[in-house]
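Peer 1: Below, each chain spelled out in residue letters.
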Amino acid sequence: MIGRILLALAGLVLLAFLIAPAPFAPLFQPFTRNGAPAIYAQTSLLSLTLSHLAIVAAAVAASTVIGLTLAILVTRRAGREFLPLARTVTAVGQTFPPVAVLALAVPVLGFGTGPTLVALFLYGLLPVFENALAGLTGQPPAVTEAARGMGLTPRQRLWQIDLPLALPLLLAGMRLTAVISLGTATIGSTIAARTLGEVIIAGLLSSNTAFVLQGGLVVGILAVLIHHGFQALESRARRRMGLE
Amino acid sequence: MIEIRNLSRLYGGLAVVDDVSLTVDKGQLLVLVGTSGSGKTTLLRMINRLVEPSAGRVLIEGVDTATLPPHLLRRRIGYAIQGHGLFPHRTVAQNIATVPRLLGWPRAQVAARVDELLDLFQLDPAAFRDRMPHQLSGGQAQRVGVARALAAKPDLLLMDEPFGALDPLIRAKAQADLKEIQRRLGTTLILVTHDMAEAVALGDRIAVMDRGRLLQDDTPARILTDPATPFVRDLIGTADRALRLLSLIPVAAIAVPGKAQGAPIAPDASLRDALAECLWSGREALPVEGGGIVTLDALRAQASQR
Amino acid sequence: MARLSPPAVLFALIGAAGLALPLVQFKANRIVPGEGVGLSALPFGLAVAAGLAAVLIAGCAAAWPAVLRLAAAIAGLVAVVLSLGAAASHLTPEGNTLARVAPAAGFWLLALGFGLMAADAVNRLRPSLALRWLLLAGAVALAAGILASGALDGVSVMREYATRRDLFMREAQAHLALAFGSLGLALLAGIPLGIAIFQGRRWRGTVLGVLNILQTIPSLALFGIMIPILGWVAAAVPGAAGAGVSGIGTFPALVALFLYALLPVVSNTLAGLSGVPAATREAAVGLGMTRTQVLAQVLVPLALPVLLAAVRIVLVQNIGLAVIAGLIGGGGFGTFVFQGLNQTAMDLVLLGALPTIALALVAGIALDLAVQGARRGAA
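Read top to bottom, the protein sequences are chains S, H and D. The first sequence begins at 44 in my numbering and counts up one residue at a time. The second sequence begins at 13 in my numbering and counts up one residue at a time. The third sequence begins at 135 in my numbering and counts up one residue at a time.
Quick caveat, the hints were computed from the structure, so don't treat them as lab data. Quick caveat: nothing in here was measured; it's all calculated off a predicted structure. Beta carbons: idealized from backbone N, C-alpha and C, even for Gly. Be aware that a few hints might be false.
The following label-pair restraints were derived from C-beta to C-beta distances [said to hold, decoys possible]: (1) S:86 - D:476: 44 to 52 Å; (2) H:176 - D:509: 23 to 31 Å; (3) S:188 - D:275: 29 to 37 Å; (4) S:123 - H:118: 56 to 64 Å; (5) D:425 - H:123: 43 to 51 Å; (6) D:425 - H:39: 49 to 57 Å; (7) D:476 - S:188: 57 to 65 Å; (8) D:197 - S:123: 12 to 20 Å.
Not the full set, but computed from the structure, chain S residues with beta-carbon under 7 Å of chain D [to be verified]: (9) 71; (10) 138; (11) 143; (12) 243; (13) 259; (14) 276.
Short, incomplete list of chain S residues facing chain D, as computed with Cβ under 8 Å [to be verified]: (15) 127; (16) 128; (17) 135; (18) 146; (19) 199; (20) 202; (21) 226; (22) 230; (23) 234; (24) 246; (25) 247; (26) 255; (27) 256.
Using the sequences and the hints given, assemble the complete structure.
Peer 2: Encoded structure:
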């Protein structure tokens with residue numbers, strides 16, 4: 044309960060800071076030197092945040108759709124031969140550093156928001172796919188047996204049994220993807236994507252710790268809020284099935 | 013000799029063990045029996061100080077256990093538990109050698125002791141020495157657990173539901189083997205169970221506990237014929253107590269001179285076996301190997317409440 | 135008609151696309167836009183392309199045994215890589231140091247097709263643990279051999295490497311020092327901390343909470359915040375600067391990576407210790423082991439596989455995150471990546487990114503194998 048209140052409070056403070064950052068300047072003033080500005084003002088923090096969130100949301104949505112579709116395909120009869128390969132590719136892909144993926148996207152896609160989006164999408168595929176796969180293949184055998192015994196067709200089993208049961212794990216995969224993307228998106232600003240990384244990089248270039256701090260704090264609080272939001276959804280899904 | 017004097021254990025003001033006093037003679041097998049939550053396991057764990065008593069004392073051969081460092085005390089007391097608790101990353105031999113190694117026995121002596129124990133528990137040393145616990149059946153793992161508890165030749169062995177995880181067929185054999193080994197080694201044994209049948213089958217004495225208190229401490233026969241409280245009577249179960257009573261007494265004890273027809277029965281078979289044989293073969297008396305007979309009338313007299 | 139293997143058909147399609155697209159991109163110098171050159175446009179290319187196509191098509195038959203499939207995939211991969219090198223030396227005029235020949239979409243797709251084919255073959259082989267170690271060592275040796283042979287020296291990345299060989303070695307050392315150093319520090323601090331919160335339940339929530347929050351700070355910001363904090367510590371705490379604490383250079387990056395590594399180490403230590411069956415712990419104490427003996431002889435050995443899993447997570451994660459050190463002057467392969475991004479010099483980006491990926495990949499696979507080995511030992 045206390046956790047909920049703290050989260051709500053953090054969210055409210057964050058919102059206030061993004062809408063009207065000026066009153067917060069005294070908080071960041073001690074971290075500046077030589078009279079540098081305490082609040083990043085080149086671009087509105089709110090619009091940067093919205094752009095950051097939009098990039099992450101688009102990437103997560105795309106990863107979820109594609110990752111889930113792939114997971115469904117390799118668990119059907121026709122795609123079963125791809126299953127071990129898909130597992131290997133997922134495991135190998137997880138070791139690819141997100142920053143390197145981002146850097147490699149540049150030669151293909153150029154600078155800007157596009158490559159960041161693609162890199163986040165590609166990197167986000169893995170957790171979603173892996174968790175969807177675990178959810179779709181991890182059913183208790185008794186449930187599968189019962190569904191078959193009652194005469195459900197494979198398609199009915201997928202929509203009525205497998206997917207609903209896989210939902211909590213799928214949500215956990217989306218949560219991982221969202222939190223990783225949120226942090227990685229900041230690096231997108233090194234290739235000119237419009238994200239909160241802009242604030243941090245401006246701070247790094249001008250040795251203005253206040254900028255680094257506010258950029259980091261905004262992303263950090265967003266990450267905590269999104270993390271807990273997904274967790275609440277997950278536990279709701281699990282409670283409905285009596286797993287909690 | 014183990015003396016338990018006014019032992020109590022409180023959890024949050026609640027007495028889980030409440031002023032229990034007991035004495036176990038050397039070489040005796042005492043079974044602590046009770047329902048779950050009766051305090052029997054806590055009492056057992058206070059003897060090797062896995063639980064520290066809130067009040068009271070435990071004396072082993074006159075020495076107060078509270079005066080010894082707990083880990084040194086435990087190395088002198090064998091301890092076997094339900095689900096055996098074998099170390100999954102160590103071989104059977106390494107598991108059995110745990111306490112001797114802790115005590116710093118020479119390597120050769122440890123190896124010899126391991127083989128001796130494997131033999132004692134009917135496990136071929138060459139085949140079992142280097143197996144990992146997950147390669148053992150339930151019955152084998154249980155025997156290795158007991159062998160480990162006996163490894164450093166403790167004078168006292170504590171067992172907490174040692175047969176709890178075994179299926180009924182293996183359990184009967186394991187019980188018989190344990191009793192045999194305990195007799196042969198002369199080890200003092202305190203065993204905790206919730207199963208009255210197991211208590212009657214094994215115990216020289218049975219101590220019945222309920223809600224932290226010791227209700228009755230007596231021989232199995234006395235517990236069966238003369239339960240101290242209604243709770244003890246319920247725990248025994250009234251349906252087959254006559255048969256349980258018969259199962260405690262060997263044929264030789266009531267054999268009388270005489271002659272009878274048919275196949276003879278062994279003198280160390282129980283009266284329960286003799287009764288079953290009489291009923292099955294329709295005989296009034298059975299010859300006993302080595303002379304004498306046992307009669308159906310005598311069996312009836314033994315089984316009825318006196 | 136013979137039965138087809140669906141995955142192999144997919145690899146063939148990827149490979150076909152690779153054959154159709156330009157293998158390399160040729161630029162007269164670093165700045166002008168490049169032009170694509172296909173494999174078949176090269177003098178030796180038609181034969182190689184035909185060979186590759188034959189392997190891809192023949193591979194579609196399901197009847198191929200796994201060993202043969204693996205051999206064919208490796209041969210294909212080597213052929214593609216050598217073609218890249220040959221194309222580079224063929225296209226670059228003699229003595230020209232300005233021209234750049236970089237791998238293009240065709241190369242990447244062919245490499246992907248044959249790489250997937252190899253992965254699929256390894257899966258079908260169901261290799262034992264020892265064989266998988268051997269395959270990994272073989273792959274590393276093969277890659278090192280090709281690089282050392284000079285066959286790729288004409289390729290743009292390798293030319294970037296050739297002009298800054300010493301710098302590359304220095305940054306490689308810095309990168310490894312960052313990744314392994316932070317891992318070592320995290321193990322030194324994290325394992326005792328994990329043991330402490332395993333035994334002292336009271337601090338568990340607090341410690342894990344703090345470490346969790348650390349993880350949500352974006353890496354870019356954490357690296358940046360370390361600079362002033364450590365700069366202040368170095369200036370204000372007597373002796374700190376002498377002990378190596380510094381607000382510039384590698385040190386802030388090391389501390390940031392260390393902080394990220396703590397959560398996996400601590401939480402896996404806790405999970406590993408908590409996963410030891412209660413009966414096993416009870417037996418260990420009941421037999422007369424001291425607290426230290428229980429920990430050293432029973433708990434830690436049984437928690438080892440989970441702990442190794444943490445080492446894998448941390449090492450792979452830190453090899454990747456160490457790239458960001460390049461942005462704050464902390465050294466490592468990131469130096470090339472960000473320099474390249476700044477100058478729009480993609481070859482330089484590759485020079486930083488490719489070794490990072492290779493390093494993470496090898497570390498990830500090697501530690502996966504180690505974890506499996508440890509699991510088997512403890513099972």
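Peer 1: Now, for every hint given, state plainly whether the structure supports it.
Peer 2: Hints versus structure:
1. S:86 - D:476: 44 to 52 Å: 21 Å Cβ-Cβ, so the 44 to 52 Å window is violated.
2. H:176 - D:509: 23 to 31 Å: holds, 28 Å
3. S:188 - D:275: 29 to 37 Å: violated, 49 Å
4. S:123 - H:118: 56 to 64 Å: Holds - the Cβ-Cβ distance for residue 123 of chain S and residue 118 of chain H, about 59 Å, lies within 56 to 64 Å.
5. D:425 - H:123: 43 to 51 Å: violated, 28 Å
6. D:425 - H:39: 49 to 57 Å: Since residue 425 of chain D and residue 39 of chain H have Cβ atoms about 33 Å apart, the given range 49 to 57 Å is violated.
7. D:476 - S:188: 57 to 65 Å: The hinted range 57 to 65 Å holds for residue 476 of chain D and residue 188 of chain S, with Cβ atoms some 60 Å apart.
8. D:197 - S:123: 12 to 20 Å: holds, 18 Å
9. 71: violated, 13 Å
10. 138: holds, 4 Å
11. 143: holds, 4 Å
12. 243: Holds, about 5 Å.
13. 259: Constraint on residue 259 of chain S satisfied, holds at 3 Å.
14. 276: The hint is violated - residue 276 of chain S has no Cβ within 7 Å of chain D, the shortest such distance being about 18 Å.
15. 127: Constraint on residue 127 of chain S satisfied, holds at 4 Å.
16. 128: holds, 5 Å
17. 135: OK, holds: residue 135 of chain S within 8 Å of chain D, min 7 Å.
18. 146: Result: holds, 5 Å to nearest chain D Cβ.
19. 199: violated, 25 Å
20. 202: violated, 24 Å
21. 226: Result: holds, 4 Å to nearest chain D Cβ.
22. 230: holds, 6 Å
23. 234: holds, 6 Å
24. 246: Holds, about 6 Å.
25. 247: Cβ of residue 247 of chain S sits 5 Å from chain D, so the hint holds.
26. 255: Since chain D brings a Cβ to about 4 Å from residue 255 of chain S, closer than 8 Å, the hint holds.
27. 256: holds, 6 Å
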